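Participant: Take a look at the letters that make up each chain.
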Amino acid sequence: GIQVEQSPPDLILQEGANSTLRCNFSDSVNNLQWFHQNPWGQLINLFYIPSGTKQNGRLSATTVATERYSLLYISSSQTTDSGVYFCAVPTQGGSEKLVFGKGMKLTVNP
Amino acid sequence: DAGVIQSPRHEVTEMGQEVTLRCKPISGHNSLFWYRQTMMRGLELLIYFNNNVPIDDSGMPEDRFSAKMPNASFSTLKIQPSEPRDSAVYFCASSSTRGDTQYFGPGTRLTVL
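Residue numbers (the numbering used here), protein chains in the order written: chain A, 2 to 111; chain B, -9 to 103.
Keep in mind that the hints were calculated from the coordinates and are not lab data.
Just so you know, these numbers come straight off a predicted model, no measurement behind them.
Virtual Cβ for every residue (Gly too), placed ideally from N, Cα, C.
Do not rely on the hints blindly, as some may be mistaken.
Claimed, not checked - Just a few of them, taken from the derived set where beta-carbon distance is under 7 Å, the chain B residues facing chain A:
#1 L35
#2 L36
#3 D46
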């Protein structure tokens, strides 16, 4: 099945710093979603981004489907950005079944 | 909108007992998903429904697990009998159309002693 790899696995930042999270996937996809799991366990959908670039405030995401990767940018990080970031892709084209990466734990210190 | 609602939020039970987790998807959403999250296995899909019909249950670990969706606004995940290795956080998610953004509920933290 499709493989999803995220890097780096862990990242510690000072408040105000910028960061880039990477998600690589092993096969063509028509859908990619980024999620943030906060320290209380809630999973929030950040982006639905099969291709191209989207921005939402300090966060933006770019997916290059032909090269099988996606990037999540966090600018001017805040302590509330702490948590685990997941990317997820369908197991196969057109499927609703998502495969999640192992996640990237971000800690933003004040 | 109230978002995806799950109950209970926490459940502690003893091995061998039956456990029923409940989910109310976002109104108007046609797809519903049950996930399990553990440290060892991460987030894994157990089963999903489209228009109340189970589409893929290949992630259900064994016959002790069953899920139903009797109508568009309610789903249950049942474990009978429960075992300590079932301890995990169980999430329900819904989406409006096939392949669309998935919205997660707050999860149910299950502990089986």
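Participant: Confirm or reject each hint.
Facilitator: Comparing the hints with the structure gives:
no.	hint	in the structure
1	L35	holds, 6 Å
2	L36	violated, 11 Å
3	D46	holds, 6 Å
Against the hints set out earlier in the document, a violation occurs for number 2 only.
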